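Protein sequences, first through last, are from chains H and G. Mapping of the first sequence onto the UniProt record's numbering: position 259 corresponds to residue 259, and the numbering continues sequentially without gaps. Mapping of the second sequence onto the UniProt record's numbering: position 142 corresponds to residue 142, and the numbering continues sequentially without gaps.
Read the hints as simulated data drawn from the structure, not as lab findings. Mixed in with the good hints, there may be bad ones.
Simulated crosslink set (SDA-like; lysine to any residue; CA at most 25 Å straight-line) [as the list claims (entries may be wrong)]: (1) Lys211/H - Pro149/H; (2) Lys240/H - Gln209/G; (3) Lys240/H - Tyr170/G; (4) Lys9/H - Trp19/H; (5) Lys240/H - Asp40/G; (6) Lys261/H - Asp40/G.
Because the structure is a prediction, the values reported are computed rather than measured.
One-letter residues, chain by chain:
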Amino acid sequence: MNRLKYIVKRVLMSVPVLWLGTSMTWFIIYQGPVDPAANLLSGNERLTEAKYEAARTELGLDQPPLQHYVDWMWSLFTLDLGQTWLVYTGSNVGALVLDFLPRTVWLGFWSVLIAICIGVPLGFYAGIRSNSVADYVASVSGIVWRAMPNFWLAVILLALLVGSESLFGFDWDTFLITLPSGVTGNPGLSYMAGDPLALFTQPRETLAAIKKILPAALVLGSASMGNEMRIGRTAVLETKNEQYVDFARARGVPGRAIVWKHVFRNALVPLVPVITTEAFLLIGGSVLVESVFGINGMGKLFFDAAIQGDLPLVGSLMFVFIVLMLTINIAQDILYTLIDPRVGYDGT
Amino acid sequence: MAADGADPHAERPVDEAARADGGGDALLEVEGLTTVFHTDKETIRAVDDVSFSVEEGETLGIVGESGSGKSVTARSILGLIDSPGVIESGSIRFRGDELTGDNWDTHRGDISIVFQDPSNSLNPVYTVGNQIRETLRIHQGIRGQEAREEAVRLLESVGIPDARRRVTEYPHQFSGGMRQRAVIAVALACDPDLLVCDEPTTALDVTIQAQILELLDDLQDEEDLAIVFITHDMGVIEETADRVNVMYAGEMVESAPVGELFDRPQHPYTRGLLASIPGRTVSGDRLPTIGGEVPTPTAEATDCRFADRCPEAFDACERVHPEPIRVGPDHTAACLLHEEGYEHDLDAGDLRGEGTTDGDADAVADGGDRA
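Sequences and hints are given; from them, build the entire structure.
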């Protein structure tokens with residue numbers, strides 16, 4: 001009951017955040033230095049006052065700011081997203097987002113998963129075996145992963161996979177599942193259109209999509225993996241020296257139970273915010289990784305829309321990003337209440 | 001231990017094994033325990049050649065300032081010394097079985113511990129009941145409904161009201177005093193014969209402190225527990241202990257039954273500790289203190305580690321390491337004041353009190369059985 005109340009409260013509290021975030025997006029684009037009307041015109045046309053005014057009218061920028069703001073916010077919250085101004089000019093924003101979003105979420109999901117599944121266990125292992133050779137190897141490789149720039153890692157990985165036949169003696173493209181389009185390109189997610197359950201009912205398609213995204217996800221998740229490893233190691237080291245662990249040892253709790261029951265659960269507490277922060281960064285997409293691997297994702301789309309001042313698209317994408325972030329935050333709060341009973345019972 | 005025949009002083013250092021009154025039948029025997037911590041710069045001898053024994057049902061008090069090695073002694077007994085610490089030498093025997101050399105599991109649960117800070121002794125993410133049941137399962141093989149009932153009974157036995165509800169609560173839902181009671185309940189779930197209490201009341205306020213001491217006293221009677229009670233509070237020692245060991249800089253400097261120690265302290269350090277108990281001085285007088293602080297021992301002692309702060313120190317204290325010698329019935333002290341052959345300009349009679357010259361000590365040695 002208490003837990004439910006706490007979570008409902010968190011959900012309600014995210015409404016003002018959503019409103020503030022979208023309002024600021026409107027303010028920055030509408031009042032900011034980017035002039036969408038000028039971007040709409042070609043070089044020569046920009047010199048003509050009449051054409052410029054016509055462009056402003058066409059985009060609705062000649063309205064009084066307050067009216068523009070209210071109209072814009074209204075259509076955003078009623079999900080009437082309109083058409084793009086400049087990026088893929090005139091296309092339906094809603095359709096564009098629905099086309100690009102799944103690819104980014106797919107990429108983000110797998111990069112988060114890879115980071116958690118490799119980084120956290122490795123960090124915990126290094127923490128348990130602190131100052132051993134295994135710890136040094138894990139720690140150093142964690143730092144190396146953390147330090148490698150994404151664009152460099154992406155290029156190296158691409159080169160290795162493309163040349164896999166001559167380098168390792170197997171061809172990545174036909175390895176396990178044949179990918180006709182090669183290493184780069186969009187993962188084929190269209191089979192799930194209108195039928196999300198196809199994720200489970202058509203495992204072959206799903207595996208192909210996973211294989212396609214894996215190199216990009218590994219690159220995108222590499223820094224997070226290193227971060228989570230280092231934080232995980234520190235968390236275990238700290239928890240290991242807590243008095244309740246000594247007390248458990250003195251009570252004769254077997255070593256395995258001490259590690260799994262008493263150390264890990266407490267070590268997860270400082271890891272949760274790290275994981276969720278990283279998760280948001282990754283799901284937010286990465287222009288670099290999407291560019292190198294030729295994935296048409298939200299990162300690249302948002303970048304194009306933002307520098308050109310495509311207000312309908314930027315606004316919609318910001319809206320989507322804010323909703324994603326709030327969802328992850330709420331997931332984090334739920335995780336907290338599950339891991340640590342001290343959280344959430346006092347209306348905090 | 002440097003108790004070799006080449007010792008320059010004629011006095012016999014007390015043979016530690018012999019002091020354990022027959023040897024072998026004590027519940028816990030600690031002999032020549034030396035626990036060191038290896039740091040990059042130096043080796044800290046946190047516990048240096050300490051010997052004592054605990055009989056069934058007895059309360060042994062270990063007293064000393066912060067940094068005198070009390071807690072490390074406690075952790076050594078429980079086998080909780082971690083790298084960079086190591087038990088360098090000595091033996092710890094429980095019911096005659098050697099525990100050092102990683103044999104703690106043979107008597108796991110027979111010795112239990114209560115730490116100083118109850119807020120950190122229980123795992124915050126599990127209920128109190130969970131942690132009691134975990135212990136019950138390991139040591140008494142009790143599971144399921146029976147374990148739930150036993151957990152409630154244990155909480156009731158340590159004086160927690162409404163135990164049936166509280167057993168399902170988390171440690172942070174308990175107040176400080178109640179939490180320490182819960183910790184004691186978890187410690188008792190091992191069904192121990194010996195309970196090591198490492199400053200169990202220091203983190204609590206004074207009224208709660210008295211309640212916890214009373215609880216420990218009651219439990220000791222009911223369960224026939226032996227207790228090693230570690231504290232820096234002489235007042236608490238006077239109330240709880242049967243016998244007292246005074247520690248200083250990792251060494252045991254004086255050991256005696258509690259009445260004897262309070263009436264006839266033989267080591268200047270013990271006298272200093274007793275003098276600094278509030279309420280013992282004439283009101284209006286300044287409370288005496290011992291100036292300076294406990295040195296960190298980094299090498300085997302070649303002098304008296306207390307000499308720098310000792311009001312009665314003389315030349316030889318800087319040169320000779322005093323061994324514990326018998327100074328009264330069941331009473332030892334490690335101080336050159338009680339050894340013959342050393343020149344000191346203080347009046348011996350003042351220092352030694354009656355009946356505690358070395359000759360007398362020999363005379364009472366035969367009848368010096370512990371009460």
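Cross-check of the supplied hints:
A distance of roughly 22 Å separates the Cα atoms of Lys211/H and Pro149/H; the hinted pair therefore holds under the 25 Å criterion. Note on Lys240/H and Gln209/G: the hinted pairing is violated, with a Cα-Cα distance of about 29 Å set against a maximum of 25 Å. For the suggested pair Lys240/H and Tyr170/G, the alpha carbons sit about 20 Å apart, so the restraint of at most 25 Å is met. A distance of roughly 17 Å separates the Cα atoms of Lys9/H and Trp19/H; the hinted pair therefore holds under the 25 Å criterion.
Between Lys240/H and Asp40/G, the direct Cα distance comes to roughly 22 Å. Compliance with the 25 Å bound is thereby established for this hinted pair. For the proposed pair Lys261/H and Asp40/G, the alpha carbon gap of about 33 Å is over 25 Å, so the pair is violated.
Comparing the model with each earlier hint shows violations of hints 2, 6; every other hint is respected.
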